[in-house]
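J.: Residues per chain, in single letters:
There are 2 protein chains.
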Amino acid sequence: MSLVVMKFGGSSVADADKMRLVANKIVTKKKDGNNVVVVVSAPGDTTDDLIKMADKVNPTPPEREMDLLLSTGEIMSIALLAMTLDAMGEKVVSLTGPQAGIISDENHRRSKIKKISPQKILNLLNKEHIVIVAGFQAQNPNGDIATLGRGGSDLTAVALAATLKADACEIYSDVEGVFTTDPRIVKEAQKMDFLSYDEMLEMACSGAQVLQSRSVEVAKKFGVIINARGTFSDDVGTIIAGEEIIKKLSGRKKMEAFLVSGVTFDKNQVKFTIVDLPDIPGVAAKIFSNLAKINVNVDMIIQSAAVDKKNDISFTVTKGDMKKTRVELDTIASEFGATRVECDEKVSKVSVIGVGMRSNPGIAAQSFDILAKNGINIEMISTSDIKISCIVDEVDAMKAVEALHKGFKLAKKS
Amino acid sequence: MSLVVMKFGGSSVADADKMRLVANKIVTKKKDGNNVVVVVSAPGDTTDDLIKMADKVNPTPPEREMDLLLSTGEIMSIALLAMTLDAMGEKVVSLTGPQAGIISDENHRRSKIKKISPQKILNLLNKEHIVIVAGFQAQNPNGDIATLGRGGSDLTAVALAATLKADACEIYSDVEGVFTTDPRIVKEAQKMDFLSYDEMLEMACSGAQVLQSRSVEVAKKFGVIINARGTFSDDVGTIIAGEEIIKKLSGRKKMEAFLVSGVTFDKNQVKFTIVDLPDIPGVAAKIFSNLAKINVNVDMIIQSAAVDKKNDISFTVTKGDMKKTRVELDTIASEFGATRVECDEKVSKVSVIGVGMRSNPGIAAQSFDILAKNGINIEMISTSDIKISCIVDEVDAMKAVEALHKGFKLAKKS
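Going down the list, the protein sequences come from chains H and U. Residues 5 to 418 in the numbering used here are what the first sequence lists, from first letter to last. Residues 5 to 418 in the numbering used here are what the second sequence lists, from first letter to last.
Same shape as in the complex, but just chain H:
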């Protein structure tokens, strides 16, 4: 008998009607002859509501207590979904992260899964139960609850699929799959049938919110084939797998033709520039190691050529990290005698992604050409072998996405 892991996001279990719709999908999967393990997130806005409650009593709550508080959202979901399935006459048991044998490291808030002891789940599957597991949570070596960071339920699903050697790992959300770009922005955006892990990782890091990055990394590491699909749709969704498997599934020809698979954008960017830093060794290292110490994730970095033994360093961070970055940079700037620190919130990152770029070096030039022809100025550029990202003025961002999407012929033929 084959085993399917199905994961449903918070909007899929936000109320009793949606819960029943999800339960129906689970029952159908079971009736099709599969063992089913289900992973669910907290219902609707529960996690945000809990964070607000915490903020009222303590603006900097201990992480251990915050994890314990947040874990209640997913526990509500699993209990309610199990009750819904029971009402339909199904044999079902819900398990918290610790009960499911999910063990994390000692960190809180962004804990990593160290191990899964699947015996309890396997016993329940043997007794023909549907098993519902709380996403996002684990037990750490101290016996405390730890959470796996935003989107951690995806990670729970992929890690369970890897441990249980599941035949499929289906991640359901309110979108039908992964699109060539955001369909809310560009109405010609197409759902992709196949996408490689590397492309998905670049998409996720570049603002496409379909799957949590770490879950894709784990899927890649253990070869878990992910099927991202819509809860409220019957579409087959997008298959995310290794390049070889995708070539097999999709036909080699199609893969080669697919130079660019998607265009993403990210408005959650701030550009910092430190002007007139002395051009001596160790300055850049000092800046970025200090930012790493205060947990600021730096994205694109550009250092200008030195003029008069001085140069400028620009980089981007997310808006949430803006304040603490500013404080840190002001200290560093005065320490090294830089002229000033500039901060530009009105920027967006636009990225072109595709494994086809590896063997087609012309894609970067083509991207810049498309943007230039549309009168869009590029402020910063960074490239990897499957991604080209440009920082542009935020007023140009949507125009840039549409132009690139059209220029690389990703639009639906309608």
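Note that these hints are calculated values from the structure, not bench results. Treat the hints with care, since some could be wrong.
You can't tell identical chains apart in this list, so a pair holds if it fits in one copy or across any two.
Unchecked claim - As a list, the in silico DSS-like pairs of lysine-lysine whose alpha-carbon atoms are at most 27 Å apart:
#, residue 1, residue 2
1, K225, K328
2, K56, K95
3, K95, K297
4, K22, K60
5, K252, K377
6, K22, K56
7, K60, K34
8, K60, K29
9, K60, K35
10, K29, K56
11, K95, K60
12, K33, K60
13, K56, K169
Place chain U on chain H using the hints.
T.: Showing chain U alone in chain H's frame:
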């Protein structure tokens, strides 16, 4: 160093302001030189809200899943209270029932505590932490969450006080202690300074909602002295202990003078009468064993003297059990050829309670006399050695409580 267990009910932790008030009480207790273990219930109406959510997906949810769902309310409370204390600079750790080592039997919804392994709590107290424990929940032998029934947090507090050999067990709620009768009904009602376990048990069973009955039973068994007091008051509250200790604490003279300690009432009563049952052995046994099988708790029972080899049996149940009692009685009545089943919802139980009755047999007569003089008809009577209960028409209930409260001189001298 002495150890105090403090328990706070749901209305005491209903919002951030109340949470801070509770936290201040805890900090004061700690600063007075005590080790402190705190037990909390779910905030405000959380438990009722969770029950409503469950009802929307399954009117008869599996008890295991219901317990898991309900356990989230207390987990929210402990995490938020720990955060509040952390914000005040206190060393504090919160523990779920399972983390606190509270082990239950295999039942759900009204599970019993089998054992508490206090090592984790003791370690934390040794490190000078305030320990916050989730009330109402335990881990059963299958590793599942089990809950301890309505008011179960009181039981958690008393069981912890017994296990940890605490010097005090303080149960805080929104009333200042145990009153001679409900102060919302009779404004002359007085807070009692002392009350024996047996009196408290009779009070609890007769409608006074201050403490859960089972927690008082456990306190009696292990000699835990309970101090019932108000969260929003500085009054010393009511001490509930064994009669010998109360005599010592209050002075023997006062104890002897205290014939009647309280008057309670319970509107949640339904009177059933099966008319013209055959007067043959085993009929009553059959009725009450059948009702026990469907979990109906029968309270007062009266069997009339047989006339023409037929008699009537009357008894009371709570309103929640009315429907299933009705169905069961109709079956039994037709089986035994009884004339009919009567059901009267418009009754209340009024009780007079006091250990002084043991040596003063005149209290019953005095009670009936007081009610008669006030023109109140008594429909049923039951007595124990410290309680006299009468079923009266519900329209007379408040008048009966006032008359008895006044007649036994319980009123405040103002």
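J.: Tell me, in ascending order, the numbers of any earlier hints that this structure violates.
T.: Violated: hints 1, 5, 13.
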